[in-house]
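Asker: Build out the structure end to end from the sequences listed, making use of the hints.
Taken in order, these protein sequences are the chains called P and A. Per the numbering used here, the first sequence starts with residue 1, numbered consecutively. Per the numbering used here, the second sequence starts with residue 1001, numbered consecutively.
There may be inaccurate statements among the hints.
Some, not all, of what chain P presents toward chain A, calculated at C-beta under 8 Å [stated by the list, open to error]:
1. Val-43
2. Phe-45
3. Gly-106
None of these hints come from the bench; they were simulated from the model. Idealized CB from N, CA, C, for every residue including glycine.
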Amino acid sequence: EPEVTQTPSHQVTQMGQEVILRCVPISNHLYFYWYRQILGQKVEFLVSFYNNEISEKSEIFDDQFSVERPDGSNFTLKIRSTKLEDSAMYFCASSESRPNYGYTFGSGTRLTVV
Amino acid sequence: KQEVTQIPAALSVPEGENLVLNCSFTDSAIYNLQWFRQDPGKGLTSLLLIQSSQREQTSGRLNASLDKSSGRSTLYIAASQPGDSATYLCAPPQGGRFGAGTRLTVKP
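Answerer: Written out as structure tokens, the structure reads:
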């Protein structure tokens, strides 16, 4: 069964450093998403991406965050200058076509900012 | 903006019980509703996707219903097992919002 792949599974970074989280969505999917989940809290929407541009973003997705689809397979989330409160699990998801198809999620990247 | 609420927040039952998890959403103009399972420290696994044209969707011991007019969905788990212990999340995929989940514990 097709999967959404996220790398790395765990990343530790120093406060103030830039990090890039990587995702490979399912190949025929057109819509891509990033979510985060702070330990013990709910899954929070960050951004959705379609046709090489952001289609929706939440209030969490401020100027520190950016997304990119640099080639035909990867979808990345960049955090420019990490803060302690950015420590969370980051999930990538994709869907074949919105809104009739559901999400497929990756297994996540655990980001720890120290 | 879509708001999703799940009740109860936590549920503990003995093995073998049938149980119902509830999900309500504020914007009934949804196309479908998806239920997920999340084990501690893990990602989200899709359980069921109900299209707006359907009223129910079944997979094994799981049955999900959708009532768009009332903004509600329920997930029914029959004959619960300890392996069902997890957090269950619902989301209408457009809008991207998730409920906070129901943390289910099934005791042997």
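Asker: Which of the listed hints are not met by the structure?
Answerer: none
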